[in-house]
Structures are given as structure tokens and as C-alpha cells.
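S.K.: Taken in sequence, the protein lines are chains A and B.
Our numbering puts the first residue of the first sequence at 1, with every later residue one more than the last.
Our numbering puts the first residue of the second sequence at 234, with every later residue one more than the last.
Hints listed in this document are in silico derivations from the structure and should not be mistaken for laboratory results.
For glycine and all other residues, C-beta sits at the position ideal for the given N, C-alpha and C.
Where hints are given, some of them may not hold.
To be verified - Partial selection, computed: residues in chain A whose CB lies under 10 angstroms from chain B:
| no. | residue |
| --- | --- |
| 1 | I30 |
| 2 | V102 |
| 3 | D114 |
| 4 | G134 |
| 5 | K144 |
| 6 | S166 |
As the list claims (entries may be wrong) - Which bits of chain B does chain A cover? Going by a derived footprint, with three or more residues having C-beta under 8 angstroms, they are:
| no. | stretch |
| --- | --- |
| 7 | 291-302 |
| 8 | 347-355 |
| 9 | 420-426 |
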Amino acid sequence: MNIDAKYHPTPEQLEGFAQGTLSPGMNVVISAHVELCAICRKSVSELEEAASEEWLRSTPDRRASSINFSAMIDSIVDHPQIKGDRTTADSVSEIHMLDHSVTLPRALAKVASDGLVWRQLAGGINQATVTLDGQTQCEFLYMKPGSQVPVHKHQGNEVTLVLDGSFEDELGHYKPGDFVVRTAKDLHRPASEEGCLCFAVMDSPLTFTKGLARLLNPFIRYRFRRATSAAAH
Amino acid sequence: MEDVVSGAGSVIMGSLVNKKSLKKPTTPPAPRVASDGSDSDEQLLIAVGNHQDRAAFNALFSRFSNKIYAMGMKLTRNEQLSHDLVQEAMLTVWQKAPLYDLDRGTAQSWIFTLTRNRCFDILRKMKRQPATVSADDIWPQESDIDSQLVHEEEGTMEVEVSKIQSFYGQLPAAQRAVVEQIYIHDRTHEEAAAVLEIPLGTLKSRLRLGVGKLRQMVGTEV
Ligand SMILES: [Zn+2]
Numbered sequence: 001m002n003i004d005a006k007y008h009p010t011p012e013q014l015e016g017f018a019q020g021t022l023s024p025g026m027n028v029v030i031s032a033h034v035e036l037c038a039i040c041r042k043s044v045s046e047l048e049e050a051a052s053e054e055w056l057r058s059t060p061d062r063r064a065s066s067i068n069f070s071a072m073i074d075s076i077v078d079h080p081q082i083k084g085d086r087t088t089a090d091s092v093s094e095i096h097m098l099d100h101s102v103t104l105p106r107a108l109a110k111v112a113s114d115g116l117v118w119r120q121l122a123g124g125i126n127q128a129t130v131t132l133d134g135q136t137q138c139e140f141l142y143m144k145p146g147s148q149v150p151v152h153k154h155q156g157n158e159v160t161l162v163l164d165g166s167f168e169d170e171l172g173h174y175k176p177g178d179f180v181v182r183t184a185k186d187l188h189r190p191a192s193e194e195g196c197l198c199f200a201v202m203d204s205p206l207t208f209t210k211g212l213a214r215l216l217n218p219f220i221r222y223r224f225r226r227a228t229s230a231a232a233h
Numbered sequence: 234m235e236d237v238v239s240g241a242g243s244v245i246m247g248s249l250v251n252k253k254s255l256k257k258p259t260t261p262p263a264p265r266v267a268s269d270g271s272d273s274d275e276q277l278l279i280a281v282g283n284h285q286d287r288a289a290f291n292a293l294f295s296r297f298s299n300k301i302y303a304m305g306m307k308l309t310r311n312e313q314l315s316h317d318l319v320q321e322a323m324l325t326v327w328q329k330a331p332l333y334d335l336d337r338g339t340a341q342s343w344i345f346t347l348t349r350n351r352c353f354d355i356l357r358k359m360k361r362q363p364a365t366v367s368a369d370d371i372w373p374q375e376s377d378i379d380s381q382l383v384h385e386e387e388g389t390m391e392v393e394v395s396k397i398q399s400f401y402g403q404l405p406a407a408q409r410a411v412v413e414q415i416y417i418h419d420r421t422h423e424e425a426a427a428v429l430e431i432p433l434g435t436l437k438s439r440l441r442l443g444v445g446k447l448r449q450m451v452g453t454e455v
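Hey, can you work out the whole structure from these sequences and the hints?
M.R.: Structure follows, in C-alpha cells:
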């Protein structure tokens with residue numbers, strides 16, 4: 001699947017993805033974009049080459065004396081090798097929306113395979129939260145046609161990948177494959193005229209700044225803390 | 234506002250060639266490994282893949298095991314886990330060597346990516362993160378093995394918005410009126426006190442009571 005996306009991850013995000021230094025949540029959303037975007041796929045394989053150079057160059061040539069290497073090699077070569085590529089069928093690869101279904105990138109299909117619980121939020125927004133790690137908050141968001149997210153600020157960064165439909169804010173109009181990055185400084189008000197399915201990853205919880213949504217603030221923080229401590233104990 | 238939207242046009246490099254062909258290698262049969270250590274990593278890897286060459290695997294092992302161990306120490310700071318990483322990464326090298334071909338890039342990059350992936354899975358286990366996605370789901374060029382699906386029970390901590398709205402309806406009328414002014418009509422304390430024609434102190438205490446009750450109701454639900 002290839003899509004001509006207009007908005008891509010930052011070079012730093014792609015580098016972290018190639019080096020393996022990002023959180024699982026951030027890896028998943030970048031992986032989903034990379035699967036859709038040939039330009040970023042090429043960048044990632046170049047960044048992997050560069051990371052491997054750096055890895056070999058910067059590592060001191062010192063053996064870990066505690067390892068019994070010949071025993072390890074003996075146990076490894078007893079294993080059979082894999083002769084052909086296997087393709088695995090994902091248990092879920094589509095999300096069914098009201099009148100049609102949306103095919104998901106591989107990593108997101110895996111995320112959704114445990115089942116999504118959709119909840120209605122104010123303003124025509126439906127949210128299905130998934131827990132991938134203790135550092136991020138991840139969710140599928142479905143914005144009904146004509147819906148609007150309450151004005152909110154981020155404490156950290158928010159990344160949104162459009163999967164179906166489109167949404168817009170003060171800065172642009174975002175279509176499937178687009179990877180939208182917002183920083184803590186931004187106060188924004190996304191809206192969707194035609195309806196939109198997204199996957200969003202935040203590295204800290206949302207802070208709504210207006211309206212009934214403000215009532216939710218303590219509960220959102222609470223949920224995040226609980227999820228964090230559950231993942232870390 | 235220059236860093237608000239990142240990426241538009243910022244990562245466009247070169248042409249759109251998809252190198253991740255999954256076809257078997259079209260490379261000619263590799264010669265057996267030279268004993269003087271002059272083989273390239275690619276020749277060694279292909280020898281391991283084409284005829285389970287033990288000498289070639291030994292050579293790869295001595296070239297890479299300490300690098301893998303160092304990556305493990307850097308990321309986990311744990312000798313046992315780093316030892317496990319060497320075992321798992323070199324096992325993957327052995328098992329997947331038949332799938333390697335030159336279209337997949339250099340051998341060192343190939344070994345780097347599968348080490349990175351095993352390390353990701355080890356770290357995820359160490360941090361007891363949910364096993365929903367494994368490295369092989371995230372970096373799919375290395376996705377040939379069926380990854381085992383481990384389902385860990387994760388309680389859901391969410392509170393439905395509709396519930397909060399129904400809790401809100403259960404508040405005593407005086408407190409509900411105050412909460413409504415502040416949270417729905419978005420008025421300041423002073424404005425709300427004026428609208429409701431009550432003293433500011435009364436408003437604040439009703440607000441405190443009302444929000445306290447809401448939190449209690451939510452707390453017993455979670
Ligand atoms: Zn891209």
C-alpha cells in the first residue's frame with residue numbers, strides 16, 4: 001500500500017525509529033506511517049545503515065568474559081533454519097465504521113486485534129484507548145462528520161496519523177497517511193467535516209481548556225496515572 | 234510557530250525504489266569461507282544461509298557478539314539480559330540467514346536491525362509492558378516468524394463520559410447549578426456568583442462539594 005502523504009514524521013522521529021530508542025506507542029504510529037509511505041521507508045533503511053555503522057564504530061572491542069561462547073554457538077546451531085518467508089494472517093486488519101470498513105496498517109491491526117472499546121466523548125468524538133506502554137497514551141479516534149474536538153493544550157507532544165477521511169485545524173487539512181505532529185506549545189482545535197478515523201499517540205495526557213471537557217481533566221490524569229503504575233509495577 | 238507542523242517535504246530523499254523485495258536471493262552460490270578471515274560479512278552470512286556453514290557462523294559470532302553485548306548493556310544495564318540478547322540475536326542470525334540477500338542491505342545493517350528488534354522485545358518484557366505489539370509487528374521487514382501472542386490482562390481504568398454526565402445529574406440542585414455555570418457555561422467564579430445571585434463564598438463551597446462528590450462517584454466506579 002502506498003499513499004502520497006503530505007505530512008511525515010520529523011527526521012528525529014525517523015532516526016529514533018530506526019535506532020530503536022522510542023517508546024512502543026511512538027514506534028507503532030511511526031511504523032503505520034512508514035508502511036504507507038515509500039519515501040519514509042527509504043529513509044528508514046538508510047538510517048538503519050547509518051545506525052549500524054555508528055554501532056560498530058562506537059562499540060569497544062571488549063569481550064564479555066562471563067559468556068561461554070562455544071557452548072552458546074553449539075546450542076544455536078542445533079536449531080533448524082527458516083527456509084522460506086512466511087506470511088502471517090492478522091486476526092484483525094479492518095475496522096468497521098458506520099457505512100464502510102477501513103483497512104489498517106499491520107502494526108495497528110495488531111493493536112486492534114485485542115478488541116477496541118469505543119467510548120463517546122463530547123462533540124461527536126469516539127475514542128478507543130489502547131495501552132502499549134507506560135510512557136504514552138494511545139487511542140483510535142473516530143470523529144463523526146461535522147465534529148469538533150474541544151480546544152485543548154498538550155503537556156507533551158501529540159502525533160496523529162490519519163487512517164480514513166480527513167480533518168482540519170488552523171494549520172492544514174490532513175488526509176489518509178498524513179502524520180501530524182503537535183508540540184506542547186500548541187493550542188488547537190481539530191474539526192472534521194467529512195468524518196475521520198485517526199490513531200493518536202501522546203507522550204502525556206490531554207489537558208482540555210474549555211467547556212464541559214474541563215470537568216474531565218482530573219479523571220484523565222487519574223486514568224493516565226493508573227495506567228502508568230499498572231504498567232510499571 | 235515554525236516547528237508546529239513538522240515534516241512537510243522534510244524527508245524527501247532520492248527515488249522511490251522499494252528495496253524490500255521478499256524474493257529469494259539471486260546471488261550465485263557463495264564460496265566456502267576462507268580460513269584467513271578475509272571474507273566480508275555478506276559472504277559469511279550467505280554461507281551460513283546457503284549451507285549452514287559452521288566456520289562462517291563462528292566468524293560472524295566473533296565479529297558481532299561483543300557488539301551485541303555492548304548494545305544490551307547500553308540499553309538494559311543488566312549483564313544477564315545482555316547475555317540473553319547475544320543468545321537471541323545470534324540465534325535469529327542463524328535461523329534467518331537463508332532469508333538474507335544483498336537487496337536487504339549490508340549484513341551489518343541486517344544484523345543491527347534484528348538485534349535492535351530482539352532488544353526491543355527484551356526491554357518490553359523487562360518493563361512489563363503489554364505484549365500487544367512485538368518488534369516484528371513494528372519493523373515488518375523482519376516479520377517472517379510468527380510471533381507468539383501473549384495476552385496479558387490489563388484492567389481498563391477508563392470512566393465513560395456518559396457516566397460522568399449521569400453523575401452530574403445526581404448532584405443536589407444547588408451544587409449542580411454551580412458546576413453548570415463554571416464547567417458548561419465557562420463562567421468565572423465572580424460571574425457565576427452574580428448569575429446565581431449568591432455570595433462568592435457560598436459559590437466556592439458548593440463548587441468544592443459538587444466536584445468532590447463527582448470525584449467520589451467516579452472513584453467508586455473505577
Ligand atoms: Zn512519510
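S.K.: Each hint needs a verdict: does it hold in this structure or not?
M.R.: Cross-check of the supplied hints:
1. I30: holds (8 angstroms)
2. V102: violated (18 angstroms)
3. D114: holds (6 angstroms)
4. G134: At about 7 angstroms, which falls below the 10 angstroms cut-off, the nearest Cβ of chain B leaves the hint on G134/A intact, so it holds.
5. K144: With a minimum Cβ separation of about 15 angstroms from chain B (threshold 10 angstroms), the hint on K144/A is violated.
6. S166: violated (15 angstroms)
7. 291-302: Result for this restraint: holds, n = 7.
8. 347-355: Coverage by chain A holds here, the residue count being 4 at a Cβ distance below 8 angstroms.
9. 420-426: violated (count 0)
This entry does not satisfy hints 2, 5, 6 and 9, going by the numbered hints stated previously.
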